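Engineer: Go ahead and model the full structure; you've got the sequences and the hints to work with.
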Amino acid sequence: MKTQKRALGLAFAIVWTGSSAGAAQMPASPESSRPRHSWFVVQSARASGLFEHLHASLHSEVGVRIAWLKIGIAGAFRPAPWTRHRQRYALPIDRTYKGQSSLDLGLQYGWFGVMVSPIVPLGRQSHFSLELPITVGPGFVGTPLLGDDRDTPDGRRVSAWENELLDERDVSVGLVLDVGARARVQLASDLGVFLGLGLHYSAFFGITTLAVEGTRTHGLSGSLALIVEP
Numbered sequence: 001m002k003t004q005k006r007a008l009g010l011a012f013a014i015v016w017t018g019s020s021a022g023a024a025q026m027p028a029s030p031e032s033s034r035p036r037h038s039w040f041v042v043q044s045a046r047a048s049g050l051f052e053h054l055h056a057s058l059h060s061e062v063g064v065r066i067a068w069l070k071i072g073i074a075g076a077f078r079p080a081p082w083t084r085h086r087q088r089y090a091l092p093i094d095r096t097y098k099g100q101s102s103l104d105l106g107l108q109y110g111w112f113g114v115m116v117s118p119i120v121p122l123g124r125q126s127h128f129s130l131e132l133p134i135t136v137g138p139g140f141v142g143t144p145l146l147g148d149d150r151d152t153p154d155g156r157r158v159s160a161w162e163n164e165l166l167d168e169r170d171v172s173v174g175l176v177l178d179v180g181a182r183a184r185v186q187l188a189s190d191l192g193v194f195l196g197l198g199l200h201y202s203a204f205f206g207i208t209t210l211a212v213e214g215t216r217t218h219g220l221s222g223s224l225a226l227i228v229e230p
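Counting from 1, one number per residue, gives the positions in the sequence shown under the numbering used here.
Wrong hints could be hidden among the right ones.
Unchecked claim - Quick list of the computed label-pair ranges, beta carbon to beta carbon:
id, residue 1, residue 2, range
1, 86, 123, 42 to 52 Å
2, 37, 153, 54 to 64 Å
3, 92, 132, 46 to 56 Å
4, 101, 191, 51 to 61 Å
5, 159, 123, 44 to 54 Å
6, 222, 123, 18 to 28 Å
7, 173, 122, 37 to 47 Å
Just so you know, these hints were derived from the structure itself, not from any lab. Bear in mind that the values here come from a model prediction, so they are computed numbers and not experimental data. Don't be surprised by glycine CBs; every beta carbon is placed ideally from N, CA and C.
Structural biologist: So this is what it looks like as structure tokens:
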């Protein structure tokens, strides 16, 4: 009986020692083990419904992370060739352009501003976390000429013709607010590389260009992001 008790005690000691060693070697949470100060770069692509039609745009972020807060600069750009959206504009009766009385106009926009983004870890031993980015700054919306119409008849800059033909309503500058929520997963525990999937709401204020006449200047978008945060 004593021999059995000693054997059971020895087995328990071995199991307890092994489990304690395993727990000590268990890697910490990817988020909790991250440096409290680091830099970050984010490159993302969005499918956006701004201005009442679906299109793609590129977004970038760069800055520093301090504990659970990211502070930096964010920007976006969507050139006219990235969408099939066209706006037909009828010129005034006394005005023509290369023999045309109406023009096909594109849509392009962009913005940059200050960004803050709290980070919320999702679990103590999880590779997942949630970012809540907010960006405020100046933005622009433009209605450029397209295709062969960009070859001006007198060699002047195309922007000068756009300004004249559209009565100085070819470009407008205003304020942009961009807010969102982005879930991210760390691709490897020893690398500061994340993949993010987000939902965002963007709004332009004070825009008067032809591109937004009769349309909403706000909308939702979805994003796919690559995040580097050593």
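Engineer: Run every hint past the structure and note whether it holds.
Structural biologist: Evaluated hints:
The hinted range of 42 to 52 Å is satisfied by residue 86 and residue 123, whose Cβ atoms lie roughly 48 Å apart. In this structure the supplied range 54 to 64 Å holds for residue 37 paired with residue 153, their Cβ-Cβ distance being about 57 Å. A hinted range of 46 to 56 Å holds for the C-beta pair residue 92 and residue 132, which are about 48 Å apart. Between residue 101 and residue 191, the C-beta spacing of about 59 Å keeps the proposed range 51 to 61 Å intact.
Taking the beta carbon of each, residue 159 and residue 123 are about 52 Å apart, inside 44 to 54 Å as hinted. For residue 222 and residue 123, the hinted distance range of 18 to 28 Å is satisfied, since their beta carbons lie about 24 Å from each other. Evaluation of the 37 to 47 Å hint for residue 173 and residue 122 yields a pass: the beta carbon distance comes to about 39 Å.
The structure shown violates none of the earlier numbered hints.
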